[in-house]
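Number of protein chains: 2
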Amino acid sequence: MNDHPPDTHGAESDSSVDEFLITDEEIREITTAVRAQDSDTVHGFLEDLSGADTAELLSKVSDEDRDELLFMYGDALDPLVFTELDPELRRKALSSMPPAVVAGILSALESDDALDLIINLDETLQQEIIRKLSVKRRLAVEEGLSFPEDSAGRLMQREVVAIPQFWTAGKTIDYLRNAAADLPEDFFDIFVVDPSYHVTGQIPLNKLVRADRSALMDSLKLEDIHPIPATMDQEEVAHIFRREDAASAPVVDRDGRLIGVITIDDVIDVIDEEAQEDILRLAGVEHGDLYRAVWATTGTRFRWLFLNLLTAIMASVVISFFDATLEQIVALAILMPIVASMGGNAGTQALTVAVRALATRELSGANAWRIIWKEGLVGMLNGLAFALIAGVVTALWFDNNMVLGAVIASAMAVNLFAAGIFGAGIPIFLDRIGSDPAISSTVFLTTVTDVIGFFAFLGLATIFLV
Amino acid sequence: MNDHPPDTHGAESDSSVDEFLITDEEIREITTAVRAQDSDTVHGFLEDLSGADTAELLSKVSDEDRDELLFMYGDALDPLVFTELDPELRRKALSSMPPAVVAGILSALESDDALDLIINLDETLQQEIIRKLSVKRRLAVEEGLSFPEDSAGRLMQREVVAIPQFWTAGKTIDYLRNAAADLPEDFFDIFVVDPSYHVTGQIPLNKLVRADRSALMDSLKLEDIHPIPATMDQEEVAHIFRREDAASAPVVDRDGRLIGVITIDDVIDVIDEEAQEDILRLAGVEHGDLYRAVWATTGTRFRWLFLNLLTAIMASVVISFFDATLEQIVALAILMPIVASMGGNAGTQALTVAVRALATRELSGANAWRIIWKEGLVGMLNGLAFALIAGVVTALWFDNNMVLGAVIASAMAVNLFAAGIFGAGIPIFLDRIGSDPAISSTVFLTTVTDVIGFFAFLGLATIFLV
Chain B
1 MNDHPPDTHG AESDSSVDEF LITDEEIREI TTAVRAQDSD TVHGFLEDLS GADTAELLSK
61 VSDEDRDELL FMYGDALDPL VFTELDPELR RKALSSMPPA VVAGILSALE SDDALDLIIN
121 LDETLQQEII RKLSVKRRLA VEEGLSFPED SAGRLMQREV VAIPQFWTAG KTIDYLRNAA
181 ADLPEDFFDI FVVDPSYHVT GQIPLNKLVR ADRSALMDSL KLEDIHPIPA TMDQEEVAHI
241 FRREDAASAP VVDRDGRLIG VITIDDVIDV IDEEAQEDIL RLAGVEHGDL YRAVWATTGT
301 RFRWLFLNLL TAIMASVVIS FFDATLEQIV ALAILMPIVA SMGGNAGTQA LTVAVRALAT
361 RELSGANAWR IIWKEGLVGM LNGLAFALIA GVVTALWFDN NMVLGAVIAS AMAVNLFAAG
421 IFGAGIPIFL DRIGSDPAIS STVFLTTVTD VIGFFAFLGL ATIFLV
Chain R
1 MNDHPPDTHG AESDSSVDEF LITDEEIREI TTAVRAQDSD TVHGFLEDLS GADTAELLSK
61 VSDEDRDELL FMYGDALDPL VFTELDPELR RKALSSMPPA VVAGILSALE SDDALDLIIN
121 LDETLQQEII RKLSVKRRLA VEEGLSFPED SAGRLMQREV VAIPQFWTAG KTIDYLRNAA
181 ADLPEDFFDI FVVDPSYHVT GQIPLNKLVR ADRSALMDSL KLEDIHPIPA TMDQEEVAHI
241 FRREDAASAP VVDRDGRLIG VITIDDVIDV IDEEAQEDIL RLAGVEHGDL YRAVWATTGT
301 RFRWLFLNLL TAIMASVVIS FFDATLEQIV ALAILMPIVA SMGGNAGTQA LTVAVRALAT
361 RELSGANAWR IIWKEGLVGM LNGLAFALIA GVVTALWFDN NMVLGAVIAS AMAVNLFAAG
421 IFGAGIPIFL DRIGSDPAIS STVFLTTVTD VIGFFAFLGL ATIFLV
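Listed in order, the protein sequences are those of chains B and R.
Residue numbers 1 to 466, in the working numbering, belong to the letters of the first sequence in order.
Residue numbers 1 to 466, in the working numbering, belong to the letters of the second sequence in order.
Bear in mind the hints are in silico, worked out from the structure with no lab data behind them.
Each hint should be verified, as a subset may be incorrect.
Note that identical chains are pooled: a pair holds if it fits in a single copy or bridges any two copies.
Claimed, not checked - Calculated pairs, DSSO-like style, for lysine-lysine (alpha carbon to alpha carbon, straight line, at most 27 Å):
| id | residue 1 | residue 2 |
| --- | --- | --- |
| 1 | 221 | 136 |
| 2 | 136 | 207 |
| 3 | 132 | 171 |
| 4 | 171 | 136 |
| 5 | 132 | 207 |
| 6 | 132 | 221 |
| 7 | 171 | 221 |
| 8 | 207 | 171 |
Produce the entire structure from the sequences given, and follow the hints as far as they go.
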């Protein structure tokens with residue numbers, strides 16, 4: 001135990017992650033060597049790079065250079081490289097390699113990583129690879145594939161350390177020493193099981209090492225443990241890890257028997273994925289777009305833009321109701337995008353807060369109405385502020401036309417209030433009916449703020465200005 | 001070690017996180033009891049709830065109920081509850097409690113959690129609380145506060161387990177047994193230090209427990225360790241943990257001497273925060289908006305909306321250049337929002353991909369141009385597709401006006417190509433000049449797509465239709 005004080009730190013920042021991560025410069029050097037077919041230099045670089053570095057290298061070179069690297073130097077790559085690759089890139093890379101080589105990579109990995117690698121491949125390719133695995137590994141992979149997508153069963157590794165209830169700390173340590181080679185690569189907790197393999201306790205290694213040899217393992221158990229059903233969705237798993245600050249958790253089958261363990265490093269990937277998912281979905285893009293070919297990317301983006309085109313056309317239809325008014329007062333055409341755009345932006349603010357709060361479970365039935373109401377109030381207050389600003393600017397811009405100023409001010413106030421209510425309300429409603437609030441909220445919201453914005457502005461103008 | 005096969009799992013999903021998390025129903029029951037001043041019921045509930053559950057309870061009740069809970073039952077709350085609270089809510093809660101009570105809570109926590117609690121408070125309140133701490137804790141907190149915001153030094157806990165190089169596994173375990181009470185609550189690794197306290201190695205506990213008693217600790221060390229400078233930014237820390245799949249990492253001062261340890265649970269909070277930051281910044285909202293008072297929230301949102309107002313006014317100015325054209329052809333006023341809105345949406349897609357890829361370091365100098373070019377191509381292809389669709393729809397809508405159709409088609413193609421280039425290019429440029437790409441990208445992008453969209457559409461119309 002140490003409370004050794006630092007004697008210097010502070011102002012001058014000498015901290016940089018760059019010294020031990022791969023640099024753009026190195027990537028350029030390797031690419032040059034690959035193109036020059038200078039295999040000694042490439043091998044030299046690859047030996048020095050960690051798995052994560054090599055994965056970064058593969059993800060940052062062009063498609064041609066990557067294919068060349070995989071084809072010429074694939075056998076020199078650490079199998080761990082593939083676990084670090086982006087899923088889309090991993091699928092591409094493994095699909096381009098012979099099934100036997102992929103099977104070799106799978107055999108060198110822990111069961112959860114092996115499953116991760118094979119999961120996104122085409123089913124025929126999957127079967128080809130699986131046939132080339134050892135019987136034991138094959139059964140493990142097939143069992144993993146039988147769990148629902150994104151479930152705890154897919155996330156877990158089957159290699160766990162479990163001991164009976166009546167063992168002492170000393171006996172456990174002796175067992176670990178003797179079984180050393182058979183133990184999982186990394187583990188943080190030991191699970192206590194009864195004779196029928198039900199989990200009765202979890203003991204962090206740091207409790208074991210500080211216990212007396214004679215201490216009963218049963219007495220070292222954590223008070224409450226949360227066995228995770230294999231079918232639980234991975235987002236719920238992440239939620240549990242986050243709440244419990246656990247380093248690992250036991251996974252059980254429907255009868256509550258221990259079948260595997262999920263460790264925190266798997267959960268970090270889930271958390272990253274989850275956070276990524278929301279931000280990408282709000283913008284209508286898919287994970288992996290960075291690595292997908294131009295044509296495929298165009299396709300995935302098209303669908304979202306098409307939806308937005310329908311929204312935009314709907315807004316245009318609303319505008320067309322007022323064509324007579326617009327013909328008389330061209331200032332309306334100039335000003336109307338302001339009202340719609342402010343509504344859209346204010347709504348997106350409320351929507352983003354609600355979508356994230358739903359994802360982190362900070363928003364549920366208990367506080368949903370309070371939050372919708374609060375966002376409505378915030379929208380109303382900002383609506384009044386921008387009504388004043390836009391009203392004054394407009395009146396000054398268009399020859400002191402006070403009525404025009406009053407019209408844009410009223411439309412602004414109405415639209416920003418609606419933006420707050422609907423911005424928070426739409427995702428909450430979608431979540432309540434079981435839809436993903438991140439996927440379609442923005443389209444609905446834009447429709448609402450465009451329609452209300454144009455209707456209010458042009459409608460009021462028709463009444464008071466024509 | 002266990003490869004026990006599950007015999008049942010699959011189709012039927014019996015997995016739910018709800019059984020061991022607090023439910024909306026329970027929150028309602030507790031709120032009712034609080035309002036009825038039924039303290040026995042409230043105490044009963046609070047005893048059963050974990051720290052995370054109580055934090056969730058506090059975050060989901062109204063401000064009044066929360067104040068009542070803290071005032072009446074604050075002393076019955078586990079100090080850990082406060083570490084689980086949202087930072088904004090934590091600041092509110094602790095600010096409302098007497099400094100002596102807060103000091104008591106701080107004393108019951110590990111050094112990193114204590115620091116976390118005090119960090120967001122007003123400086124005068126901080127000083128008041130610090131004065132009430134024990135000398136040792138006070139020094140620790142003051143030292144922590146001296147590190148830069150969001151640095152490794154603020155994240156680390158000072159309690160670490162360090163041993164000299166020449167110890168054996170047996171001696172280490174004996175030491176841990178004897179020092180049991182003085183050890184940190186939780187730890188995953190033991191650090192090897194030389195006499196001047198420089199870190200020379202890191203040994204995961206699972207390597208220690210499977211080693212022979214006679215094994216030298218020096219021989220169990222991991223091959224490469226990454227000591228983290230105390231001044232390193234927390235995002236870089238998270239990046240290292242993610243890449244290295246580490247459970248903990250040593251923190252060193254400028255002379256490379258061990259001063260603390262960062263564990264993975266602290267890093268998960270950083271990862272959550274980080275991911276949250278990007279999505280919130282893109283929409284112009286701040287973390288904590290869910291818990292901030294209406295008035296304060298209105299203020300933080302106002303700034304962003306004001307920027308957007310300037311953008312919208314700039315777009316209106318562009319439109320006003322073409323007022324003579326608009327006066328002649330009202331169809332242009334009806335159609336022009338379509339071009340701008342499609343550009344904005346296509347640009348946001350490219351922008352979101354680039355912002356995330358910059359955050360995860362999948363995008364750097366090595367592939368920046370390739371990605372800008374790819375997004376340009378994708379924009380061009382979708383631009384051509386939507387040019388066709390919008391052109392045909394427009395011609396049909398407005399009495400077979402083929403020229404009007406051709407004008408909107410050309411403007412659409414130009415704007416979507418620009419949206420792709422600028423959508424990817426703006427965040428990359430901002431990142432290159434050292435700005436946060438998530439903060440201001442959207443404003444710049446909207447300006448670009450609005451201006452180009454309106455200019456192209458109304459300009460072409462002026463040339464070909466007037």
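Verification of the supplied hints:
1. 221 to 136: neither (32 Å within a copy, 31 Å between copies)
2. 136 to 207: For residue 136 and residue 207, the Cα distance is within 27 Å only across copies (26 Å; inside one copy 33 Å).
3. 132 to 171: So residue 132 and residue 171 fail the 27 Å test inside a copy (39 Å) and across (46 Å) alike.
4. 171 to 136: neither (29 Å within a copy, 39 Å between copies)
5. 132 to 207: neither (42 Å within a copy, 32 Å between copies)
6. 132 to 221: Classified as neither: same-chain Cα gap 42 Å, cross-chain 36 Å, threshold 27 Å.
7. 171 to 221: The answer is both: 16 Å in one copy and 24 Å across copies each meet 27 Å.
8. 207 to 171: both (15 Å within a copy, 17 Å between copies)
Violation of the numbered hints given earlier is confined to hints 1, 3, 4, 5, 6; the remaining hints are satisfied by the structure.
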